Every structure is written in C-alpha cells, then in structure tokens.
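So for the sequence shown, the numbering used here puts the first residue at 3; every next one is plus one.
One or more hints might be untrue.
Claimed, not checked - Here are the simulated distance ranges between beta carbons:
1) L96 with D153: 27 to 33 Å
2) R196 with T136: 23 to 29 Å
3) P133 with R5: 41 to 47 Å
4) D55 with D194: 45 to 51 Å
5) L96 with L205: 27 to 33 Å
Stated by the list, open to error - Derived DMTMM-like pairs: lysine to aspartate or glutamate, alpha-carbon spacing no greater than 25 Å straight-line:
6) K160 with E198
7) K160 with E203
8) K160 with E124
9) K160 with D134
For the record, the hints were derived by calculation from the structure and aren't laboratory data.
Since this is a predicted model, take the numbers as computed values, not measurements.
Where is the CB? At the ideal position from N, CA and C, for every residue including glycine.
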Amino acid sequence: DRRLAHHAAFAGDGPNVIVHAPRAAVVAAALGARREAAEHYRAALRWGHLLDDAGRADLLERLSYECYLTGQLPEASDARAAELALRRASGDTLRTGSALRWLSRVYWYRLRSAEAERYAQEAVETLSQLPDGTELAMAYSNMAQLRMLADDTEGAEKWGYRAIDLARAFGDVDTEVHALNNVGTALMIAGDQRGETILRESLDT
C-alpha cells in the first residue's frame, strides 16, 4: 500500500491515493512510524474532495491523532477543528463530542488553557445529550485531568469519580485507569494519603 500510494500520488491518481494511503498509514502507525502515518493521511487529504464529508472527517481525525502523538500540535488542532466542523454539520452528536474533547486535550498541550477548558465543558454538554456511554465517561475524565493540572483537588475528585463510576458501568478499563490516575495524582499533590492507594489501583488495573 505504501508503494502504491506513492506511485498513485506522483501519477495524479487520486482515487488510488485515497484507497492506499490510509491503509499504509494504519500499518505505519502499528509499527510506531507515526510521522509517516501522518504523511500518508496528508496525502489522502489532498484528494479529500473525492470523499464525502464523513470520509474527510475520518481522515482529519486520524491525522490529528498522529500529529498529537508526534508533537505537531498546531496541525493537530487545525485538523481536529476541521473534523469538528464536519461532524457538527452532519449532526453526529457522538463524534462531535469526541472531537471537542480531543480539541481540549490538544489546546492544553499548546498552553492555551482557556480554550482547553471551554472545549472540555462543551464536550460534556454535547455528550450529555445522548444516553450515557464511554465517550461521556472520557469527557468527565478529561475534566478531572484539567482540574488536577490546575491544582483543584475538589474538582478533580468530583469529575474523576463520575468518570470512574460511568466507566465501570460500561466495562471501559482505559477510561477507568485514566480517571483513577487523575484523582490519585490530585490527592497526592494535595498531600492526601489516599492518593497513593488510588494510583496503585490505577497502575495495577
């Protein structure tokens, strides 16, 4: 797929680029070649006009994630914002909420905490319109993380325990661990001995 995507791109064969470049990106990411994965998604998006809105949004979501992992943060937020616009236009509330939560995370890394907080709150509000699920649990945990990072122990506990309860209800171990880590860290920073116990639980889980 990597070779086919390469030759298709140089031949101006857009339909084959958008078939093979995303496949090559998946393999590259699985092998840890995250920057190469991002480049494949960029190649596919150059022909994004051949895709429907959902297809473009999926590629933008994947590109944003690879850029986030490799510290290409302005592009990560730009791609995620473009994805968000498409999700909103399509009326996909679940994917809109997920994109908002990810924008919160990327903007925190860009040292833009006000936007991180705003997107985090909007993610919770958006996902709360739907039946409870793992995406809402992660949005709660994202709120807990922001509160922990702001040395707001009470806020971290409030949002963290909401995330833990919901994650456990759905068997979502990843979000449970994320939330336990946020609560445990906040408590340890505050000098509360419960923090170590919760962090050990997070690590063991």
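Status of the hints after comparison with the structure:
1. The hinted window of 27 to 33 Å between L96 and D153 holds, with their beta carbons roughly 32 Å apart.
2. Checked against the given bound of 23 to 29 Å, the beta carbons of R196 and T136, roughly 26 Å apart, stay inside it.
3. In this structure the supplied range 41 to 47 Å holds for P133 paired with R5, their Cβ-Cβ distance being about 45 Å.
4. Checked against the given bound of 45 to 51 Å, the beta carbons of D55 and D194, roughly 47 Å apart, stay inside it.
5. Separated by about 30 Å at the C-beta atoms, L96 and L205 satisfy the suggested range of 27 to 33 Å.
6. A distance of roughly 18 Å separates the Cα atoms of K160 and E198; the hinted pair therefore holds under the 25 Å criterion.
7. Among the hinted pairs, K160 with E203 is consistent with the structure: their alpha-carbon atoms are about 18 Å apart, no more than 25 Å.
8. A distance of roughly 17 Å separates the Cα atoms of K160 and E124; the hinted pair therefore holds under the 25 Å criterion.
9. Distance hint between K160 and D134 is fulfilled; the C-alpha atoms sit about 17 Å from each other, no more than 25 Å.
Every hint from the earlier list agrees with this structure, and none is contradicted.
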